[in-house]
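K.L.:
Protein chains in written order, with our numbering: chain A, 1 to 140; chain B, 1 to 140; chain C, 1 to 140; chain D, 1 to 140.
Do not rely on the hints blindly, as some may be mistaken.
The list cannot tell twin chains apart, which means a pair is met if one copy fits it or any two copies do.
[What the hints assert, rightly or not] Dumping the calculated DSS-like pairs for lysine-lysine here, alpha-carbon to alpha-carbon at most 27 Å:
(1) LYS37 / LYS128
(2) LYS21 / LYS109
(3) LYS96 / LYS37
(4) LYS124 / LYS39
(5) LYS128 / LYS39
(6) LYS112 / LYS96
(7) LYS29 / LYS112
(8) LYS15 / LYS112
(9) LYS15 / LYS128
(10) LYS21 / LYS112
(11) LYS15 / LYS124
(12) LYS29 / LYS39
(13) LYS39 / LYS109
Since the hints were made in silico from the structure, they are not lab data.
Number of protein chains: 4
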Amino acid sequence: MASSSMVSKIQQLGKMLSETKSFDRVLSKVRIVSAAKGKLSCELTVGEEHTNLGGTLHGGLTATIIDSVSTWAIVSAEHPPGVSTDLNISYMRPAKIGETVIIDAECLKVGKTLAFASVSLLNKDTGKLIAQGRHTKYIA
Amino acid sequence: MASSSMVSKIQQLGKMLSETKSFDRVLSKVRIVSAAKGKLSCELTVGEEHTNLGGTLHGGLTATIIDSVSTWAIVSAEHPPGVSTDLNISYMRPAKIGETVIIDAECLKVGKTLAFASVSLLNKDTGKLIAQGRHTKYIA
Amino acid sequence: MASSSMVSKIQQLGKMLSETKSFDRVLSKVRIVSAAKGKLSCELTVGEEHTNLGGTLHGGLTATIIDSVSTWAIVSAEHPPGVSTDLNISYMRPAKIGETVIIDAECLKVGKTLAFASVSLLNKDTGKLIAQGRHTKYIA
Amino acid sequence: MASSSMVSKIQQLGKMLSETKSFDRVLSKVRIVSAAKGKLSCELTVGEEHTNLGGTLHGGLTATIIDSVSTWAIVSAEHPPGVSTDLNISYMRPAKIGETVIIDAECLKVGKTLAFASVSLLNKDTGKLIAQGRHTKYIA
Chain A
1 MASSSMVSKI QQLGKMLSET KSFDRVLSKV RIVSAAKGKL SCELTVGEEH TNLGGTLHGG
61 LTATIIDSVS TWAIVSAEHP PGVSTDLNIS YMRPAKIGET VIIDAECLKV GKTLAFASVS
121 LLNKDTGKLI AQGRHTKYIA
Chain B
1 MASSSMVSKI QQLGKMLSET KSFDRVLSKV RIVSAAKGKL SCELTVGEEH TNLGGTLHGG
61 LTATIIDSVS TWAIVSAEHP PGVSTDLNIS YMRPAKIGET VIIDAECLKV GKTLAFASVS
121 LLNKDTGKLI AQGRHTKYIA
Chain C
1 MASSSMVSKI QQLGKMLSET KSFDRVLSKV RIVSAAKGKL SCELTVGEEH TNLGGTLHGG
61 LTATIIDSVS TWAIVSAEHP PGVSTDLNIS YMRPAKIGET VIIDAECLKV GKTLAFASVS
121 LLNKDTGKLI AQGRHTKYIA
Chain D
1 MASSSMVSKI QQLGKMLSET KSFDRVLSKV RIVSAAKGKL SCELTVGEEH TNLGGTLHGG
61 LTATIIDSVS TWAIVSAEHP PGVSTDLNIS YMRPAKIGET VIIDAECLKV GKTLAFASVS
121 LLNKDTGKLI AQGRHTKYIA
């Protein structure tokens, strides 16, 4: 189901993000691994720039990843990115510098006015959940 | 009720944040305006570096602000910063480049094992809510 | 700012709820204390019918109260009740049988398409927070 | 992986719920379909007693179902039920009287002090999501 043209299109987004001066630059090391309509899988290897003062993946960056990768999944379902109404995150385990995080985003519903998506962050080595969140957007 | 020594202490945190290579650097322009035990008020003037591709305050940065300023409020109540368990945000209005955002954080409960805090972001000119969130931390 | 006609109108709602066979019947003992445009204050004395197996206010009823009293606050702002998109609750302290709970609901924003409201449940004797939640509704 | 003794044990819980005077009585028509360690699948056919004034599954009952069925899933993983810290729900589609709702609960993490679970409600006929939520509990 993965579409290489969709991956290519979203990778162009990745390139654009790496060059932007906007806040999206903090996602410049997020690598898109696969994409299908309404589904997106990415990876990020945690570096110092991604951490809190305790040396693990910052909860604010986790929230930013959930916000943005879910938006890319909505766009991959050929819908406008819309504006956020609600975002929530549960934090289950830390991710340390050098560890690779899998980011799996899935659209739960994309309607005429509202879109809902879920994002899970997993430790690539252990498969265990680091965090999970849901994002609601107004896309009319 | 505001304590100037507490402001001074937290402003040192601000200075430290501005020099860090960690993700907290994205908060380097957040200014602490007043602090009391369990309450903290900050300001941020939105710059290009804080925005999404639509030119308004990025929802991921809003989440990061809620995550971090609530943590500073918990620390201001003389508790350890702890680790996040849950974070949620409702997004009500955009904040444009050049606009100043008031960030009001308040501890709702700081117990032996769990702390709860609420954070509101308001437009300084209009007083209207931009976003509001709640943060739960495990602090045992 | 409290409007006695609004209280009367919402008390009629209360009477209707006490007679309904729908799920809203579980709110039949919620008493409306005051109402203003977009703000509503209620009380509930916890009875056995409101509890979990541990003998304290059930988290599902807390969620139902936040869902419904926030909706009444939106209606008190002369807007349609709409449909829920997101609801969140943080649980801070238990409420025991015989204790009276104050329920304060406030509209945060009522726009053309979306409404946001916050609800706090407090112990009437101690003034301490039992729970706090936010509710987002699509009202277009 | 489904354990018939576990189903039997949880069905006893079901019987107990149907006889209780506590708020859990509102779940008396929830049928447990299968259970495994940390996973639970239930069904509910929507009746008038489960609805809002619009004639569809009440958002407060949806929240109660997510709260309780996730707790049963934590118990099925041989952990204490604990106390709620956070609950969130996104509402995607209505469920009408006469429709059967599948309720799938899954523990995301059950640690020493905190447990996290996710619950999805789906329309049995269409397979489409009605609502999804997450529940965090303190179980130490």
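K.L.:
With reference to the structure, classify each hint as holding or not holding.
P.N.:
Status of each hint after checking the structure:
Taking identical chains as interchangeable, the C-alpha atoms of LYS37 and LYS128 lie at most 27 Å apart whether they share a chain (25 Å) or sit on different chains (17 Å). Neither within a single protomer nor between protomers do LYS21 and LYS109 lie at most 27 Å apart by alpha-carbon distance, with minima of 32 Å and 31 Å respectively. When the C-alpha separation of LYS96 and LYS37 is checked against a cutoff of 27 Å, the pair qualifies neither within a copy, at 31 Å, nor between copies, at 29 Å. In this assembly of identical chains, the alpha carbons of LYS124 and LYS39 lie at most 27 Å apart whether taken from the same copy (18 Å) or from different copies (23 Å).
In this homomeric assembly, LYS128 and LYS39 come within 27 Å of each other (Cα to Cα) both inside a single copy, at 20 Å, and across copies, at 16 Å. With identical chains, the CA atoms of LYS112 and LYS96 are at most 27 Å apart between copies only, with a shortest distance of 21 Å across copies and 40 Å within one. Taking CA atoms no more than 27 Å apart as the test, LYS29 paired with LYS112 passes in neither setting, with 32 Å inside one copy and 33 Å between copies. Taking the closest pair of Cα atoms, LYS15 and LYS112 never come within 27 Å of each other, the shortest separation being 30 Å inside a single copy and 37 Å across copies.
For the identical chains of this complex, LYS15 and LYS128 are neighbours neither inside a copy (29 Å) nor across copies (35 Å), given an alpha-carbon limit of 27 Å. Within a single copy, LYS21 and LYS112 get their C-alpha atoms no closer than 32 Å, and across copies no closer than 33 Å, so neither meets the 27 Å cut-off. Taking the closest pair of Cα atoms, LYS15 and LYS124 come within 27 Å of each other only inside a single copy of the chain (23 Å); across copies the shortest separation is 35 Å, beyond that limit. For a Cα distance limit of 27 Å, the shortest separation of LYS29 from LYS39 inside one copy, 19 Å, qualifies, whereas the shortest one across copies, 35 Å, does not.
Proximity of LYS39 and LYS109 under a CA criterion of 27 Å is satisfied in both settings, with 12 Å inside one chain copy and 23 Å between copies.
Of the hints listed earlier, those the structure fails to meet are numbers 2, 3, 7, 8, 9, 10, in rising order.
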